[in-house]
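Asks: Chains as they are written, first to last, in the numbering used here: chain Y, 1 to 75; chain V, 76 to 236.
These are computed hints drawn from the structure, not numbers from a lab.
From the three backbone atoms N, C-alpha and C, an ideal C-beta is built for every residue, glycine too.
Worth double-checking, as some hints may not be accurate.
[Claimed, not checked] Derived BS3-like pairs (lysine-lysine); straight-line CA-CA distance at most 25 Å:
#	chain 1	residue 1	chain 2	residue 2
1	Y	Lys47	Y	Lys6
2	Y	Lys11	Y	Lys47
3	Y	Lys47	V	Lys107
4	Y	Lys37	Y	Lys11
5	Y	Lys37	V	Lys202
6	Y	Lys37	Y	Lys47
[As the list claims (entries may be wrong)] Here are some chain Y residues the structure puts well away from chain V; computed CB gaps all over 12 Å:
#	residue
7	Met1
8	Arg4
9	Arg22
10	Asp39
11	Arg55
12	Ile56
13	Glu57
14	Glu58
15	Phe60
16	Asp62
17	Cys64
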Amino acid sequence: MRNRLKVLRAKRDWNQAVLAGRVGVSRQAINAIETGKYDPSLPLAFKLSRLFGIRIEEIFDDGCGVSGEREPENG
Amino acid sequence: MDVAFPGKGSPKMAEGTKGAGERVEAARARRKRTGFFVLFGIGMALGMAVGVWLVGKGLDSVVNEATDWPPALALGLLAAWIGAVLGGGIFIARQTDEFARYRDQRAVAAAGSVFFLGYPAWFLLWKSGMAPEPMHGVLWLVFWFVMMTVAVASWLRANRR
Chain Y
1 MRNRLKVLRA KRDWNQAVLA GRVGVSRQAI NAIETGKYDP SLPLAFKLSR
51 LFGIRIEEIF DDGCGVSGER EPENG
Chain V
76 MDVAFPGKGS PKMAEGTKGA GERVEAARAR RKRTGFFVLF GIGMALGMAV
126 GVWLVGKGLD SVVNEATDWP PALALGLLAA WIGAVLGGGI FIARQTDEFA
176 RYRDQRAVAA AGSVFFLGYP AWFLLWKSGM APEPMHGVLW LVFWFVMMTV
226 AVASWLRANR R
């Protein structure tokens with residue numbers, strides 16, 4: 001799943017360990033989420049949403065639009 | 076200044092100093108390491124006890140003579156094993172985050188497939204005369220090998236930045 005975690009983190013000058021500590025997971029977990037190797041659980045997604053003050057959908061993108069159908073990749 | 080969102084103007088952490096997040100993670104890693112060392116120490120002590128008892132008896136008494144072990148030794152080892160797996164597992168699970176639990180579960184599932192797939196396959200081949208009788212010791216060793224291999228590979232992949 002695509003996400004903007006790295007961008008949001010960089011805007012606040014946080015490294016992965018700082019972000020990990022704020023949401024109670026390991027640095028490896030943050031790295032895996034940012035690189036798309038792992039999708040966070042719902043509680044963790046909510047923690048990230050509250051930490052950055054934005055909705056979950058503004059952080060994570062499953063590639064499907066409002067209709068639920070997969071959108072084409074941007075060229 | 077908003078503590079939660081220090082903003083772009085906040086100074087970067089100095090090299091060599093640890094932020095709150097890194098200290099939390101370091102403490103968690105320390106507790107996990109301590110748990111592993113305690114379990115390892117218990118295993119070593121029990122292994123030495125068995126080894127002392129085995130002096131003069133040879134490996135044969137481990138592999139072939141199932142009734143040779145004193146009941147107290149067998150029950151003690153069984154209690155220690157169950158305690159270590161359950162107690163240690165609960166302790167370690169509390170020190171790990173969801174991502175580490177996901178990796179560990181994959182390793183255990185991969186190892187479990189050794190029995191789920193391997194034992195029936197070996198049994199059927201044995202019944203048809205194409206393989207020797209299934210050896211539980213071999214299955215046990217392969218189970219551990221698969222679990223450790225998957226766990227280490229997952230750990231290496233997760234620590235690759």
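Asks: State for each hint whether it applies.
Replies: Hints and how they fare:
1. Lys47(Y) - Lys6(Y): 16 Å, holds
2. Lys11(Y) - Lys47(Y): Holds. Lys11(Y) to Lys47(Y) sits at ~18 Å (cutoff 25 Å).
3. Lys47(Y) - Lys107(V): 24 Å, holds
4. Lys37(Y) - Lys11(Y): Distance of about 22 Å is within 25 Å: holds.
5. Lys37(Y) - Lys202(V): 43 Å, violated
6. Lys37(Y) - Lys47(Y): Cα-Cα ~19 Å, so holds.
7. Met1: Per Cβ check, Met1(Y) is outside 12 Å of chain V; nearest 14 Å; holds.
8. Arg4: Its Cβ never comes within 12 Å of chain V, the nearest being 15 Å, so this holds.
9. Arg22: 6 Å, violated
10. Asp39: 10 Å, violated
11. Arg55: At roughly 16 Å from the nearest Cβ of chain V, Arg55(Y) sits farther out than 12 Å, so the non-interface label holds.
12. Ile56: Correct as stated: the minimum Cβ-Cβ distance to chain V is 16 Å, above 12 Å.
13. Glu57: 20 Å, holds
14. Glu58: 15 Å, holds
15. Phe60: Holds, because the least Cβ-Cβ distance between Phe60(Y) and chain V comes to about 15 Å, which exceeds 12 Å.
16. Asp62: Given that every Cβ of chain V is farther than 12 Å from that of Asp62(Y), nearest at about 18 Å, it holds.
17. Cys64: 23 Å, holds
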